[in-house]
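Asker: Residue numbering for the sequence shown is -23 to -1, 1 to 795, as defined by mature numbering (1 follows the signal peptide of the UniProt record, and there is no 0).
Some hints could be false.
Derived BS3-like pairs: lysine-lysine, alpha-carbon spacing no greater than 27 Å straight-line [unchecked claim]:
1. K439 <-> K724
2. K518 <-> K581
3. K292 <-> K312
4. K536 <-> K467
5. K745 <-> K653
6. K467 <-> K611
7. K585 <-> K618
8. K724 <-> K785
9. K222 <-> K164
Computed spacing ranges between beta-carbons, pair by pair [stated by the list, open to error]:
10. T287 <-> P139: 53 to 59 Å
11. Y533 <-> E67: 23 to 29 Å
12. P206 <-> N186: 39 to 45 Å
13. F522 <-> A106: 45 to 51 Å
14. N50 <-> V143: 55 to 61 Å
15. G157 <-> K312: 21 to 27 Å
16. E617 <-> P310: 34 to 40 Å
17. T160 <-> P36: 22 to 28 Å
18. G157 <-> R12: 44 to 50 Å
19. E351 <-> Y533: 33 to 39 Å
20. Q90 <-> T545: 37 to 43 Å
21. Q90 <-> E351: 40 to 46 Å
22. N418 <-> Q215: 28 to 34 Å
23. D668 <-> Q215: 21 to 27 Å
By construction, these hints were calculated from the structure, which means they are not laboratory data. Backbone N, C-alpha and C define an ideal beta-carbon position, used for all residues, glycine too.
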Amino acid sequence: MILRTNLAAVLSLACLAPSSVSAQDESILSAEYGRQSNQSLLWGPYRPNLYFGVRPRIPNSIMAALMWAKVDNYMEVQNGFRYTCEQNEEMAGYGWEEYDTRTGGIQTIHDTQNKIDITTSFVKIPGGAHGGSWAVRIKGEPRADAGDDLKTSMFFYVTSEPIGNVLEVVADSDRDGFSGDVTIKGKHAQLGNFKMVVTEGKGQHPTSNHPTSSERPLDKTIVNTLELPQEHLWQGKQVIFAQLKEGVDQIIADYGQDNAPPPWQTYMMRNRPGSGNIQIVQKVFEGAFEFDVLFSSGSASKEVTSDDLTTEIAKNSATFHEQYQDVFAPQTPFKDDKYRALGRSMLSNLAGGIGYFYGNHIVDRSYAPEYEEENEGFWEEAAEARARNRQTEDGPHELFTSIPSRPFFPRGFLWDEGFHLLPIAEWDMDLALEIVKSWYNLMDEDGWIAREQILGAEARSKVPAEFQVQYPHYANPPTIFLVLEDFLEKLAKTNGSMPVGQEKLSQESNLENAHLANPQLGAQYLQNIYPLLRRQFLWFKSTQFGDIKSYDREAYSTKEAYRWRGRTVPHILTSGLDDYPRAQTPHPGELHVDLMSWVGLMAKVLIKIAGVVGANEDVYEYSKALNGIQHNLKDLHWSEKDGAYCDATIDDYEEHALVCHKGYVSLFPFALGLLKPDDPTLGKTIEMLSDPDELWSPHGIRSLSKKDEFYETAENYWRSPVWININYLVLQQLLSVAQQDGPFQAKAKETYINLRKNLVETIYNSWKETGFAWEQYNPDTGKGQRTQHFTGWTSLVVKMMAMPDLEKQVASHERDEL
């Protein structure tokens, strides 16, 4: 999307040398960019827990959603309603086939139980002062086993918050319903005036010979208007069920259970249009159908029509395919169309899973002394403190975030987010930066961000009570630093290096990459977010520190050691690796190599950011910390005997002892780029991960060594399966080593080539078979496991396919040698 003229004029300031750009000019540039970017991102299917749910990034706003059911017979109706994404609804796959957060996309839902494929084609149309307009085309196609007379009931559910903001059906209907379009008008403090039209659409309607036929004609559109307390508005399924039950009860009262009409006539609401905060639009079809929902902002120059929608769908689709090929062009051996289809699906479902969440979350800020975890048996004391239930609601907060899985994890996860944003940043860096900013806006005054964002009643409805409470001493891997590192690398390539003849680059920039095309804008972003990054770094150092001095440990630095808080005997949920085996029994003197590596990544990235923003004293501080971490990784965590980095604990003799469970934990110093190309431990790490008797499998790097006593035991969550996020980090570092001169270059290159093939083929084969991406993959069979529709970090496959084909480069080099 090309920037409009008014922003182009402002962005031209970025072509000036930094010394000649005033603070006022930079402020104007940032403000105008922020306004237009927010406009392009305001509306979207930001309710990813629903099969289709639209809302703006505004608290207490307009929300819309889709629900449907097969109404052929009474036996199947009760379990056939589709609203929230669920794992157990017999879907043959669903999700976005094409999606761009700024323009829209196409989603298809293959509902095998209801014997129908539902397609939602969503577009955003810029214009006006309130985020523009939007429209969606809802299309139903009976599946091959359905028959032409399939009966489907469709509901479009619209709500307005807060109380007092009404939605009004403006056109009159007869007593039985609407024969044509349904028009709903409304007004919102932040959205202004708007109009929503639900078109009559195309499709046949079922018939009935029952005496109710004249009372409930099936060729009419039904509208039911309600006024309910705000806390009920999000519960669309329950609200619609209540209205249907009212109609069913009336049928039974009038005709008796033995003389009821067919279900497609019984399961209909009463037609009661009017003014309220809920409008439910119901249509009943037989066979294929199609109708549009057209939302027109009152500040736009014209109202949206179905013709506009048709035009935009075609235009957006063509643009998406072209841009995907430019950004993520698959490299050999993944150039076949089938891999492009996989990549487009993965990227689209990742972006289509972005949501906006608003509400309170539940936090225990009691700061109980047991939470310091200083005593032996600390996990039992901490459990007793948690059992006192001193949590309170905190907020409200808002978060703009991608999510791991629409049916199972429809909320924000700090540990997952950095991985989510790596593909998003390739596609739309400014969108990624917007999400990063949203996360850091959640930070408290100490530097803590809750690792799991469960904001509001709707989000909490998907989370068991025991997992809802957040604790301000619990950390999570700071994966967002991976994205900031990527941003810095891209920014460095553009800053001060604009080729001659490209002086208009900034003026012709687009909203997706404005922070890269205009280095002043990028530098200002870093300037604004840097204090929060520093606060988070210092929070890690003050709350997750490991004890070196009390146990007389020998280490280069007395300050650089770290321990995850929140440890229990079977788990360290805060590490993100959950049941990965650690020291048995827990000890307050434990040190965790993965956590030290994450802090090392933070220091490495902060060195660069502090240099950009001119915080030179901080550069020295981070450099000292990074140097200490790189030394202490070997002093405290390297086991020469095992040839691996390991956690540490205190043994029965009060001595430092390594606890080696070779697997993902052992890979973190390498995976996060803390080892130099000639480091001997790097060579042994690559040997371990490429050994079939240790971590190597035909489907990716296993999470735990096959030789480990805990392999495939207990929950077997992080104790054998292949996880794509860690494999991606490993693949990225193998590529880096393979492209640098050093003693391990050849081995890294060979391992990279084989690992890349294995991962892509594993993900593709499972996606082709099931229609889904998966949370993890079986190392022996390659089958997807656990959570389905896991297009969070599994979508990193799009970056894997676009990575260089080193096998081709090797062959070319060998030919040159000959």
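Asker: Run through the hints listed earlier and report the numbers of any the structure violates, in increasing order.
Answerer: 1, 4, 5, 6, 7, 9, 10, 11, 14, 15, 18, 19, 21, 23
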